[in-house]
Each structure stands twice: as structure tokens, then as C-alpha cells.
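Chains A and B, in that order, give the protein sequences. For the first sequence, our numbering begins at 1 and goes up steadily by one. For the second sequence, our numbering begins at 272 and goes up steadily by one.
The set of hints was computed from the structure by calculation and includes no laboratory data. Quick reminder that beta carbons are idealized off the backbone N, C-alpha and C, glycines included. Mixed in with the good hints, there may be bad ones.
Unchecked claim - Far from chain A by the CB rule (all over 10 Å, computed), these chain B residues: (1) G300; (2) R418; (3) I513; (4) P531.
What the hints assert, rightly or not - Rough simulated footprint, nothing fancy, chain B against chain A, three-plus residues with beta-carbon under 8 Å: (5) 104-113; (6) 233-247; (7) 263-270.
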Amino acid sequence: MNRGLLIKSLREVWIATMLFALALMVLEAIFAYVLPTFADQFSTFLLQLEFAQRMLQALLGTDIGDQIGPDVFSSMAWVHPVVLAIIAAHATILSTRVPVGEIDRGTIDMLLGLPVSRWGVYRCELVVFLASGLVVIGMGLAGNQLGARLLESKPPLAVQPLLVVVINLFCLYFAIGGLGWLVASLSDRWGKAVAVVFTILVGSFLLNFLAQVWPLAEPVSFLSVLNYYQPMLILRDGGWPVTDMVVLTVLGVGLWLAGGLCFARRDICTV
Amino acid sequence: MNVIIVEQLTRRYGRRIGIEQVNLEVPEGVVFGFLGPNGAGKTTTIRVLLGFLRPSGGRACIFGRDCWRAGHRIKEDVGYLPGDLRLYPSMTGTDMLRIFGSVRRRDLLAPGRTLAEQFVLDLTVAVRKMSRGMRQKLGLILALAHRPRLLILDEPTVSLDPLMRQHLMQHIQELASAGHTVFFSSHTLSEVDRLCDRVAIVRDGRIVADESLDALRAGAKREVTIRWARDVNPRDVKVPEILEIHHRQDRLWQGSLSGPVPELVRWLDSQPIEDLAIGHPDLESLFRRYYQPEHAQE
Chain A
1 MNRGLLIKSL REVWIATMLF ALALMVLEAI FAYVLPTFAD QFSTFLLQLE
51 FAQRMLQALL GTDIGDQIGP DVFSSMAWVH PVVLAIIAAH ATILSTRVPV
101 GEIDRGTIDM LLGLPVSRWG VYRCELVVFL ASGLVVIGMG LAGNQLGARL
151 LESKPPLAVQ PLLVVVINLF CLYFAIGGLG WLVASLSDRW GKAVAVVFTI
201 LVGSFLLNFL AQVWPLAEPV SFLSVLNYYQ PMLILRDGGW PVTDMVVLTV
251 LGVGLWLAGG LCFARRDICT V
Chain B
272 MNVIIVEQLT RRYGRRIGIE QVNLEVPEGV VFGFLGPNGA GKTTTIRVLL
322 GFLRPSGGRA CIFGRDCWRA GHRIKEDVGY LPGDLRLYPS MTGTDMLRIF
372 GSVRRRDLLA PGRTLAEQFV LDLTVAVRKM SRGMRQKLGL ILALAHRPRL
422 LILDEPTVSL DPLMRQHLMQ HIQELASAGH TVFFSSHTLS EVDRLCDRVA
472 IVRDGRIVAD ESLDALRAGA KREVTIRWAR DVNPRDVKVP EILEIHHRQD
522 RLWQGSLSGP VPELVRWLDS QPIEDLAIGH PDLESLFRRY YQPEHAQE
């Protein structure tokens, strides 16, 4: 691993990473503080309403069953659209930096004018991406714990299931990154690459949402990456969603490798 | 030993031809001028040499290694300044020297500072606050700091002031005299005339001339002005074929010489002339002729 490349990438991403991390931390702290209180106000009667149940299911992306406990509300903190948007935005921005980001701003000529292989550059970007993802999601977890501890009336959730949730979230982050890399390796304009990734992610989110309220969408829900990220089940049932994590990881690795192959073989045109 | 070898190199962009069947050999220790009008294929050739573009046909080698397959190894000994230079806006010159040094695994800060003094550049300024000329200087410093065996410069004097051009010329000459090779793409003929040992001219993606500058000079026309000592009748003067007279005014004749000077002098020795002026080889008109499309030359 080339130290200089790592320093260069870290220098370029640390501000954005810290901003995303702080945003997620604050958001998670608020959710961890507010949602359990909100759960108390949700009467059992309201939850008997099919509409309310459906909306909760659509939001959580999974069947919530008959029993609605604090785990359902706690898991909302990890599937809220703003949380997912922060994770997806960070993953997209970082994973599309190379090569398309560098091509678009013309700096790739200087970068590849150095004695570094394209795979070397690509690997360094992956390391920085993973490290930044750890910081963002780790800060989110810290915020969640902070918010839960501020709420003295409720005992905070056990850390172990939350850790499983954030690991699953990290796998989702990696899968989104893989998509970003593949698109970035096939594109010449950064804005276009981001738009393509964003469109696919919105489609994925919508598919997961629709699958809960529209039976016709259910058979194809496996196409959505969010289908493999269900914090409520983890918090409610415990255990490790091994299959989901493997699917997301394999997807991320496969897309990253495909992106790397495209980058290594493509022409670099900046003029 | 040839530092750069290009054989039958072709690069197409879809149906459009970037370069076609280009052959080049650049020996070690020379300053090689690469000339051509806009869109002729200069930058395409350079980008193939740097491994940015994959050849559609033929091959390009630097230091005996294939530019596409072993590009990153080659670049350990290559310094490159792109024609359309873009640098990382948030970094200062010092940052870039540190990072590039770290990538190259050598200290570039000390030589970079020395170069910055020569080029009068403040390395503490962020790239985004630099003028175009300052950025060009920084690009040159980054290309030169590791004293590469091969320096590839794509129109390096663009946006440099005359004094800085002078510094760059000196630096390139020093490098060449120390055995380094410089591949120099330019539009400025005076620079090429002053610097280069050898020149290749590319037009419409093909090499139309590849000769030493001395050979080109020998082939270039010279302006000749003759003042006769007395009135002469043009019909009585048998002008040699190497001299083409295009202006006559009383005793003053002007023409262009397309052959060796001694031959002209020998002829003039027997003529009643009062004064003679022979200009430098007119490379500009020679290059202009090469630059023109084929039909225009005919």
C-alpha cells in the first residue's frame, strides 16, 4: 500500500467524513432519546390499525408481526430515511472519487503520472473508504448510545445487538460503495456517475418500501440492497443475519472487483 | 540507446483517427521537439506513452518497457507535465511535494524548494489561490523535482512569463547536458529552435518529418539580400537554381536560398556586388509548410 496515496486520499476526504459522522451522531442521539418516549405514546389501539402497521412495516422494510416492543422503535433509528441517506451519500461520494472524480477535475493526469498502478490507486481508495465508513458508522453508534444514556427513565438497549446492526449497516455501506466504484469506473463525468448511483439507490429504497405495501413487488424485493438490512429483526430476535451480510459483502466485493477491472483497462481521457 | 521507441503506433477514437502508424525513436540525452498544429495527435501520442490510452495498434516503449503494461514502473524515472494542468485545489505546493515525494519514496521537498526559488514560487500558497502561471510553475517543479531520466513536457511554457521561460530553457539544457532526455511538445518555434536536438512534426495523426534540427535547418530557406555595385540587367544575370529572387528594386534584390551557402558565395564571388546579407534558416516557414494540409502544399 502506497503511503503517499493514502495520505493524499485521507487529506481529501477527512472533512467530508467528519461532517457526515457528526451529522449521523447527532441524528442517532436524537433518535435514541426521542423514539422510546414516542413508543410510550403509541397506544396499542393505534397499532391495531392496519394502516399504521403497514406504514411501520414499510418504514422498517420488514414484517413487524403482532408484537410491537421497544426494539421496533429503537430499530427505526437505523432505518430512518435520513440515516440511510447519510450513509448512502457518504458511500457514493467516496466511492466515485476514483477514477471518475479525478477524471472530471482533470487531476488524474498528475495522479497517474506518478509511479503507481491503477490497481494500487484503487486499493488505497478502498482502504480510505472502509476506514471512513467505520468512522461515520462508529460515530453513529456512539451518538445512539449517548442519546440512550441521556434518557434516564429507560434502560439502554444491550450493545451487542446494536453492534450486529452497525456491522450489517457497514456491509450495506460497502455494497453501495461497490456500486459506486463500478459506475465510477465506467463514467467520464462525476455528476453523471453520482446521479446513476443515486437513481439505483432510490429505486432500491422504493422497491423495499413497496414490497411491504404492494404484494406484486414482493417477489422482486430481493433485488433491493435494503432487503438485506433489517435492524428490527436483529434487535427483536438477536443473532447474526449471516446471509444478509454475506450477500451484501459478496455484492460489494464483486462490484468493486468489476470496477477495478474496468478502471485498469479503460482509457483515461481528460481532454 | 533509445529511451522512447514507438513502432507503427495507431490510436483511434471510434471512427476518428487520433494517430496512425507513428514511428519515433528518441535517443538518450537529447531534447526531442514534438511539433504539430492543434489536434494533430501530439497529446494523443503523449497519453499513449504515459499509459493513459491503450494503443489500437503498434506499440510504444519507454526504457524498453511497454507503456501500457508497465506504465507505473516506467514512471519511476519519468517526469510529466500535462498540457492541461490540473492540480489538487486544497493543497499547497509544499503539501504536493510531500505527498508526491511519499508516493515516489524520496524526498522531493528539498529539491522542490530549490526549484521554487529559481522559479520564484511561494510553495505555501494553496493551489486554488494560485494564478495560472503559478500553477504551471508548480507543475514544472513537481515534474522536475526527482530529476527524472525522461521528462515529458506538453506545451510547458504556456502561461509562463519570458523570464520564467528563460529559467525553464536553462533547466532543460542542464538536464540534457547531464544525460537526461526531454520530450518536448511545443508550438513556440523559437523555443524548439533554441532547445531541441531533434524534431518530429506530426500532422493529421501522422509523422511528416523526423530529423535532427541541423538537417531541418539545412533544408530550410534563408532570406538573402544582394546589393549590386552597379545597375544590372536581370536578363544578363544567370541566377543559380538554389536562389529564388522574388523582389527587385533598383540595385537591391531579395530572394530565398534553398541550398548550401558556400555555393551561393562561390557564385557571388564572380558578380559585381556591393553588399550581401544572408539570414538565419527560416524554420518558421518550413514548419508552416509542414503544418499546412497536404493539398495546400501542392
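>> Under the constraints set out in the numbered hints, which ones does this structure not fulfil?
In response: When the structure is compared with the hints, only number 6 turns out to be violated.
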